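In order, the protein sequences belong to chains A and B.
Sequential numbering from 1 applies to the first sequence in the numbering used here.
Sequential numbering from 332 applies to the second sequence in the numbering used here.
If you are wondering where the hints come from, they were derived from the structure by calculation, not from laboratory data.
Owing to the predicted nature of the structure, the values given are computational and were not obtained by experimental measurement.
Mixed in with the good hints, there may be bad ones.
[Said to hold, decoys possible] Residues from chain A shown here face chain B by an in silico Cβ test under 8 Å; the list is partial: (1) Leu61; (2) Arg115; (3) Ile116; (4) Ala124; (5) Gln127; (6) Leu132; (7) Leu136; (8) Trp253; (9) Val260; (10) Tyr294; (11) Gln296; (12) Leu297; (13) Gly300; (14) Val301; (15) Leu303; (16) Val304.
Even for Gly, the Cβ is constructed at its ideal location relative to N, Cα and C.
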Amino acid sequence: MRWLRERSKVQLAAVAAAVLLLLALLPPFIGVYQTQLLTYGLIAAIAALGFNLLLGYTGLLSFGHSAFFGIGAYTVAFLARDAGIHSMELYILLGLPISALLSALFGYISVRHTRIFFGILTLALSQVLYSLAYKLFWVTGGSDGLRVPRPTLLAGLVSFSGPGSFLRFVNSYYYYVLAVFAVCVVVMWVIVHSPFGKALQAIRDNEVRAAFLGLRISRFRWVAFLISGTFTSLAGILWVPLNGLTTPEILYWPFSGEIVFTALLGGFRNFSGPIVGGIVFTYLKTYAVATTEYWQLLLGVVLVMLILVLPTGIVGAVSRLADRLKAKGKS
Amino acid sequence: MSILVIQILNSLFYASVLFLIAAGLSLIFGVMRIVNMAHGTLYAVGAYVTAWLMGKAIALGVPLGWLFLLLPVGAGVVALAGFVIEPLLLRPFYRRAEEYQLLVTFGLLLILEDVIRFLWGGMPITADTLQDVVPIMHIGGLVYPGYNLVVIGIGALAAIGLWAGIYRTKFGVMLRATSQDRRMASALGINVGLVYMSAFAIGCFMAGLGGAIIVPSQAAVLGMGVDALILAFVVVVIGGLGSLQGALVGALIVSFVRTAGIQFFPEIELAVLYLIAAIVLLIKPTGLFGNA
Numbered sequence: 001m002r003w004l005r006e007r008s009k010v011q012l013a014a015v016a017a018a019v020l021l022l023l024a025l026l027p028p029f030i031g032v033y034q035t036q037l038l039t040y041g042l043i044a045a046i047a048a049l050g051f052n053l054l055l056g057y058t059g060l061l062s063f064g065h066s067a068f069f070g071i072g073a074y075t076v077a078f079l080a081r082d083a084g085i086h087s088m089e090l091y092i093l094l095g096l097p098i099s100a101l102l103s104a105l106f107g108y109i110s111v112r113h114t115r116i117f118f119g120i121l122t123l124a125l126s127q128v129l130y131s132l133a134y135k136l137f138w139v140t141g142g143s144d145g146l147r148v149p150r151p152t153l154l155a156g157l158v159s160f161s162g163p164g165s166f167l168r169f170v171n172s173y174y175y176y177v178l179a180v181f182a183v184c185v186v187v188m189w190v191i192v193h194s195p196f197g198k199a200l201q202a203i204r205d206n207e208v209r210a211a212f213l214g215l216r217i218s219r220f221r222w223v224a225f226l227i228s229g230t231f232t233s234l235a236g237i238l239w240v241p242l243n244g245l246t247t248p249e250i251l252y253w254p255f256s257g258e259i260v261f262t263a264l265l266g267g268f269r270n271f272s273g274p275i276v277g278g279i280v281f282t283y284l285k286t287y288a289v290a291t292t293e294y295w296q297l298l299l300g301v302v303l304v305m306l307i308l309v310l311p312t313g314i315v316g317a318v319s320r321l322a323d324r325l326k327a328k329g330k331s
Numbered sequence: 332m333s334i335l336v337i338q339i340l341n342s343l344f345y346a347s348v349l350f351l352i353a354a355g356l357s358l359i360f361g362v363m364r365i366v367n368m369a370h371g372t373l374y375a376v377g378a379y380v381t382a383w384l385m386g387k388a389i390a391l392g393v394p395l396g397w398l399f400l401l402l403p404v405g406a407g408v409v410a411l412a413g414f415v416i417e418p419l420l421l422r423p424f425y426r427r428a429e430e431y432q433l434l435v436t437f438g439l440l441l442i443l444e445d446v447i448r449f450l451w452g453g454m455p456i457t458a459d460t461l462q463d464v465v466p467i468m469h470i471g472g473l474v475y476p477g478y479n480l481v482v483i484g485i486g487a488l489a490a491i492g493l494w495a496g497i498y499r500t501k502f503g504v505m506l507r508a509t510s511q512d513r514r515m516a517s518a519l520g521i522n523v524g525l526v527y528m529s530a531f532a533i534g535c536f537m538a539g540l541g542g543a544i545i546v547p548s549q550a551a552v553l554g555m556g557v558d559a560l561i562l563a564f565v566v567v568v569i570g571g572l573g574s575l576q577g578a579l580v581g582a583l584i585v586s587f588v589r590t591a592g593i594q595f596f597p598e599i600e601l602a603v604l605y606l607i608a609a610i611v612l613l614i615k616p617t618g619l620f621g622n623a
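Chain B on its own, in the form it takes in the complex (with noise of 0.2 Å):
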């Protein structure tokens, strides 16, 4: 029974993670109609540079307790990335046919991995003082870290921030807006390419938030923003994108089976997902709440 608990638990874990990735993939795709295949860069990034900052407070002997600051300053520096990335990189292709948007995302992917070894090297770094921060809680007779519970609470925050930003602010409806008619919300008045540029840096920082928030609990590694990227599209394609239900949904899906995959069938558990997502494609090309 505690076992299941734990289960749960940690699919809940890896569902907050998934979607923090994918919700900025979704919300990049929506508003911008580019599918970005540097998000899981950008979520590397953010483990990284979260993971480099907690070892540089550590080492000057700020209190522990203060490093959850570090959280948000974490994905705040691939935010500010992303502010610089899309008008230096993306802007002069979205009257480009799609091939190129989606290469040219391909080509910053490229980049950035090179950019992450030459700053910090191959080998993994870690942070796990942060985790020991938080007390272990007793499931049971079986002991289970509570940071993860705190990554969870994370994670429905930042559903619920997204949910209230796009859809109950005024910048949501200039959001929504531009994603439905580009032209017609500029000539209301609305900075488009404001928007485009805030949009890309929401989406960044949401990758970043998740790399800053599983770095305490997994190191960061080379090839782990690779290895996101290809989830978390799977999480998109399973929930529609564009849609930020869809990202929530499909998130929950991808990590209930991935935990039930890694007990019941760990040979053929990446397998079963991409299967599941070449199904969903093919019954419903739009995802199971997309309408584009």
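Just chain A, same shape as in the assembly (with noise of 0.2 Å):
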């Protein structure tokens, strides 16, 4: 049977790697505006991807994730405006550490509680951040929010001025995001299939056996807690250079419901359900806002409908489809 497990594990290497070499060949195709949506959709996999460590994986449904990608925001944001610093590479170098440590703090205090005080606790933290950017504009910039000009990459090899340039950085930021989260994808691969994962997934489904096996559960917890807000303050981190600008609507609540809502639209009992609901989300949510002023009515319906149906996500369903018709072929 290990050759069976080998074959599978070099199957899944060989997708992995004939859909990144897909999502690296589409920009000349696409042109500019769809390179920057899906660099978009990108950085919401990546958060979601965080998310889901704990939805997924953990069993806990954090309704406060707003907050870590508002952290890499806005951790960016002062970054370039106190510090001067203009380097994409200083950006996610000293953005990481700050922001584990905030995830660990928000992470200790959130841990003690699961289910729905969880939810209501991690969504209290997260709004704390939300007030105090919305009203210490002194710092923040209140509503206005902070603006932030284009980094440099690739320590300072590649920068981003006069004519054009905003089509050079469109292009070599897909890059660098697709670089950034094809490293996300695997990091994550490994923590989920490590013992660690293991026994995340083993407290979710069952917190009392785990604890006769010895596990210190809200140990675990927490540890899972500090990587997944690390994750989505890095879908932060790269989303402000894109955007140009960070206001308080990211530390909102309701954008922590689009993070929930985006893993629940790929399914989030899937490693990719995640990055698929990321991706297929955000242009959901684009044509949605494009095509029609009541946009949230139809992400509303959406989602109801999602639940009704397809509650294992669009991966879930493609899979159980697959299932199926192999199924029907043996017999």
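Two chains, two frames, a set of hints: combine them into the complex.
Right under this line is the structure:
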């Protein structure tokens, strides 16, 4: 049986490489706007990937992940304004430890509870940040937010100024985000398939049994929270230069709802669910906003229908369909 | 001195409205174990319906005193919406994981927010005529709208009415029985489906009434529901989800802290409230009065 498992790993790597290659080849064919949109999609996928370590693998529904996205975004904005830093690598290198620290703090408080209380606690904590970002306008710009100029990439090798810089930025930044995205997917894959990831799933499925096995449950949940928050912060860090502006909106709790929506759309019981969800949600929202004034209504109906008809999300439904076809082919 | 009196009255005014919203939220959670994220938006619907009806009534030349009758009408419309929403949207999800229940109400929130925008547009609607019907009071040398006292009175009446309804009537017994053990209640012959529907509708009525009584002093605007929901969450977290006393005490605490906050530390007023909620959850996860 060993060769079978090895083979499936090789197959998986091949599929992942093919998808990556496809994503890398896309930009010349789809134009600037679509490239930009796809970048947003990949960023949303990173956020949802992080979020899903908690919901899908640990069984904790956070309704406050906007906090981490916002921590990442505002950290970059402060670094650009107050420290005069304009290098993407420095943003990431300095932003990640700060985000990890704050995630650890939020997690330390939140993981004392589970279920609905966990959700409300994360929500309350995220709203502390929202109201601070909104009210302390001399620090955060209030509802106007903070502007972030385009940073240099690859330690200053690639910089953007002069005519046509927007186009160059969108293209280069796409590949930059794609590379970070690939790293994130690999890291997350390793995490959820490690003994640590297995322990999280054991805790999710049966807390009491996991405790009898000697697992320190709250410690595991805490670390999962830390990783989850840091991933979502990284998405915030990547998002700001592309958006050029950060406002308290991304800290407000309905944005947390969107992150939950994203994971659910793709399917939170699958590893690839949040990735698909992030990209699909970005397109869904963009087109809903473009076509109708009542895009929230559309999203709401989609959400309710999704829960009613496709509770396992897009990926879950597709894989079930594939299984059924396979079974039919055999008989 | 008179400023202090006015600040206390302001706190009680906010507490009345907050209590109405939070008590409904708490009642729905207590009976159905669902945290209704659309609750704030139902409050907004109450405010919009009432303001709209008042505009129509004034255009028709209805005597101003009669406008008070529109307050329960606005709340009643929201209750009717509740009667439709519960069997249609919520009932299919009772057997599902609570993540799904939470998300369905989040979907409902998105839908209702846009229904409001569709029906009444993006401009705020006011109904301040009713505020002018009640004479202005003089406290010390300062003027204060007498209407606020009416709101405080309605809040107090609602608290007493809800308490009497839950602890002193047969329906209240059925409600509490269902809340404690759904299957046992059902085995004893209680129509659990009807109890769920009524509990949800009563919760909606309370939220709608909250919206109806605030709209004469504050215009109905988009997003008012989303803001109100978070404050109601803070109230029920402090007081305890599913507890009526908790909603009352929580609403009073939040209102007084807010009024003090606006006066003394306006920048961090909301942050302080959320921090209080987080601290209460840490020390006593079930809230001050919760036992679930």
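Original post:
Which numbered hints are broken by the structure, listed smallest first?
Top reply: Violated: none.
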